[in-house]
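Top to bottom, those sequences are chains S and F.
Taking the working numbering, the leading residue of the first sequence gets 1, the next gets one more, and so forth.
Taking the working numbering, the leading residue of the second sequence gets 1, the next gets one more, and so forth.
None of the hints are false.
Derived DSBU-like pairs: lysine-lysine, alpha-carbon spacing no greater than 35 Å straight-line:
id	chain 1	residue 1	chain 2	residue 2
1	F	K86	S	K119
2	F	K86	S	K18
3	S	K102	F	K102
4	S	K86	F	K86
5	F	K102	S	K119
Short, incomplete list of chain S residues facing chain F, as computed with Cβ under 10 Å:
id	residue
6	T31
7	V66
8	A70
9	E75
10	M76
11	K86
12	Y128
Simulated restraints on C-beta separations:
id	chain 1	residue 1	chain 2	residue 2	range
13	S	R103	F	L127	30 to 36 Å
14	S	D204	F	E10	49 to 55 Å
15	F	L7	S	E124	33 to 39 Å
Bear in mind the hints are in silico, worked out from the structure with no lab data behind them.
Note that the coordinates shown come from a computational prediction; the quantities given were computed from them, not determined experimentally.
Ideal placement from N, C-alpha and C gives every residue a C-beta, glycine not left out.
Protein chains: 2
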Amino acid sequence: MCAEYGLPLELEPIIPWKREAEFTAVSPAATLPVLIEEGAPAIVGPLAAINAIEYRQASAPVAGLVPGAAAARAEMWRLLEWILFKLNDEVTRYVLEEKLGKRARGEGTPDVSALRAAKANLGEHMLYFDWILASRNWVGGGEMSLADFALAAHLSTLDYLGDMDWNAIGETRDWYARMKSRPIFRPLLADRVVGMPASATYADLDF
Amino acid sequence: MCAEYGLPLELEPIIPWKREAEFTAVSPAATLPVLIEEGAPAIVGPLAAINAIEYRQASAPVAGLVPGAAAARAEMWRLLEWILFKLNDEVTRYVLEEKLGKRARGEGTPDVSALRAAKANLGEHMLYFDWILASRNWVGGGEMSLADFALAAHLSTLDYLGDMDWNAIGETRDWYARMKSRPIFRPLLADRVVGMPASATYADLDF
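Chain S extracted, bound-state conformation (with noise of 0.2 Å):
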């Protein structure tokens, strides 16, 4: 969202489970993101953040990530939430609780029947994805929108864990194959987690 608007945005790497007394002071139930301007207070949690990134745009007005007409405006939250909050809790927080968290705090090898029951709803969410982007060019509709960037970060951290099936989501693989040739995407495509490879279609723009 920061690179869309051109906002320069500095990205710190934090372990939230360590609970650093520094960090839960500002973010007191230990989550993220947290979002931190030199002299104004942290602002903490994705809706809190998008909203003041929209905000500070309202002022100069862009090509927005927020459809300006309500019908769009409200498909663009309805999918967002389902993004942020559906999908993240029935797939994506298995998914990197049991293989990066886990070996992260050295706490031993992956649950696998949380990583199966993961997998199945994954395949759930995304046959819904791909029936909606068979009929529309972006997540949220006609416009590219925040809901994009929100399915986008999620399938990228599937992805790069050799979560994401591509071939049985044609709709969707096309849409991120748009995503993923964005200028602004590109350093997302250099990431690496140290010790652990990504998957072969992770970086391949022709994946």
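Could you slot chain F onto chain S? The hints should help.
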């Protein structure tokens, strides 16, 4: 929110787990709320509904439920997210499912261990909100906001079912007494679940 803004709203009883075709055609994930206005597409989910109502107000300025100052707005969205998703996921949805959902579907008795976990989680959440309300008049800060209505909705539900221990949380009780005495809150206190009486404190303004 609608009552506070003076927008007429008619509630319709929906039983989401029936997944009736007419309902899932509008809300594909069978989630609530759904906001329906004649001649306009349905608006699905809390974020879409909140933003639709708020944008509509933007053209006719009122004493808003979303704070105007950036820092207050960020704090409001942080806590609104906490209530709508974290408190709901860790407390309210378990209590509703075990005490009301199962019963309504004729699926037997509540899972005691789920209720015990929800109760323990509720205690932690309430410690936090009580600490917050010790230093400010409203959940989000110095102004009443959407966060107050969200928390009041959850606590009201839990109170109906006898799950609120008001003795332990004096700051929250004082705040909730103020919410309860607002005229727009009165009709909610008359709500009843068929065959399940409300707790003694539910409708009592002097609990």
